[in-house]
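**Q** Single-letter residue listing:
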Amino acid sequence: MDNEADAVQGTHLQEIRRGSVVLASLIACRTPKYGYGLLTTLADVGIVTEANTLYPLLRRLEGQGLLTSTWRTDDPRPRKYYETTALGAETAERLHTEWLALGAGYDDLRKADA
Amino acid sequence: MPRLTDRYIFEVVRHLPEGQRGDISEEIAATIDDMIAAELDADTGPAGRIDPTAAEHTVLRRLGDPAQLARRYSGVRQYLVGPDVYPVWSRVLRWLVPVVGTIAAVAGGILYVSTTPVPQLGDLIAQLVTSVSAALLWAFAAWTLVVVIIERTTPEGARSALSRTPTWDPNDLDRPGSGSDTRADAIVSLVMLALLAGVPFIPSTFLYIGHLNGGEPLINPDIPTGWVVSYLILIGVLALVQVWRLARPGRSRGRLALEMATDIVFGVFLTALVLSQQTVLHPDLVPANGDGGPATAIRWALVAAIWVIVVWDQVETLRTFRRHSMNE
Chain A
1 MDNEADAVQG THLQEIRRGS VVLASLIACR TPKYGYGLLT TLADVGIVTE ANTLYPLLRR
61 LEGQGLLTST WRTDDPRPRK YYETTALGAE TAERLHTEWL ALGAGYDDLR KADA
Chain B
1 MPRLTDRYIF EVVRHLPEGQ RGDISEEIAA TIDDMIAAEL DADTGPAGRI DPTAAEHTVL
61 RRLGDPAQLA RRYSGVRQYL VGPDVYPVWS RVLRWLVPVV GTIAAVAGGI LYVSTTPVPQ
121 LGDLIAQLVT SVSAALLWAF AAWTLVVVII ERTTPEGARS ALSRTPTWDP NDLDRPGSGS
181 DTRADAIVSL VMLALLAGVP FIPSTFLYIG HLNGGEPLIN PDIPTGWVVS YLILIGVLAL
241 VQVWRLARPG RSRGRLALEM ATDIVFGVFL TALVLSQQTV LHPDLVPANG DGGPATAIRW
301 ALVAAIWVIV VWDQVETLRT FRRHSMNE
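The listed protein sequences correspond, in order, to chains A and B. So for the first sequence, full-length UniProt numbering puts the first residue at 1; every next one is plus one. So for the second sequence, full-length UniProt numbering puts the first residue at 1; every next one is plus one.
Since the hints were derived computationally from the structure, they do not count as laboratory data. Mixed in with the good hints, there may be bad ones.
Facing chain B, a subset of chain A residues (Cβ under 8 Å, in silico) [unchecked claim]:
id : residue
1  : 35
2  : 52
3  : 60
Glycine residues also receive a C-beta, built at the ideal position from the N, C-alpha and C atoms.
All chains should be built: construct the whole structure from the sequences, respecting the hints.
**A** Right, dumping it as structure tokens:
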């Protein structure tokens, strides 16, 4: 595969992952998570994202009222924990429903072509 | 904390608002510590020994350019004129540039003729190039700044005041011409008419020639009030036609005829005004050396400028009308 095709695929993969990181963060933060802990949690389940993308995203979600944050200083290192709010949980539910519907749609399309 | 990490964090937060710096500094510091610890756990180096400096380098490289990270944190829109307002921005420029260029050329010519005892063509051209290029740069910068401010003060996701059309309906396709194009044209025309309406009241200082007439208006204050009132009424009529286009966009032969007729009437009115007055510009801006001298040259230059703009406007209106006809 040539570099141009790689670049095109990379762009589309990035697009499809961007929204999925929001949903994954909202689901994962139902129990409070600090930034790096969330990063590894997501990576463990195959949702790979970069720290320089995730941290600004967490602040944006906090600004939108979907996450709330608190500093915990009782850990060996002071860490900022993020937790999904009620609005965040409601948003995650809607996004998840949409995600399932899209997944079902893709499956139907693939089966129709097979 | 390693010194390199401190410098990295400083580079990130110095681009951010004061109130966010402390919180973000601590968060990035905690993250870098965690990432370095993870690197050290995972990699013991080629000699089997842990290398904290290499781990720090690896982590900072993964975090990437601090300026880029700061931009992501700030959430600032990283463009000057966004796609939502670009059509109106570019369309206004298409009108603003020739009109401002013409006005600047006339003003530059007047300034040169009024202040030079023995005018020479080469000097005049240099004067015009200077005044026109400066005016075009100012017009471009001022209009862009207005658009940038409007866009930056519009909340993310909301529709800006300069959006081409608040809603679009498939029924617009059934109307002659493109509704959004017509609306954008109407907005541009209304902006230009507002500028024209202000001309009688613009002080000469606005064009940096205030020293010639003590900062009084560019226009001769002795012009009878009736002319000025008629001028404003005509602009009002032209504005009403544009408001009609805004409210009922689309292509209409009747409105095209009305637009072209009012434009010509306006051109004739301005020509009559310029020719009937001793001078339409402030007398101190025009040397009174009788017919055949600079005053006459300025008068005919104004008439020429008026008709250049009127004809150009007619051509643009017809071109737009024909373009819309092809879409039918």
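**Q** All hints are to be evaluated individually against the structure, with a verdict given for each.
**A** To see whether the hints hold, each was checked on the structure:
1. 35: 5 Å, holds
2. 52: Because about 5 Å separates residue 52(A) from the closest Cβ in chain B, which is inside the 8 Å limit, the hint holds.
3. 60: Constraint on residue 60(A) satisfied, holds at 6 Å.
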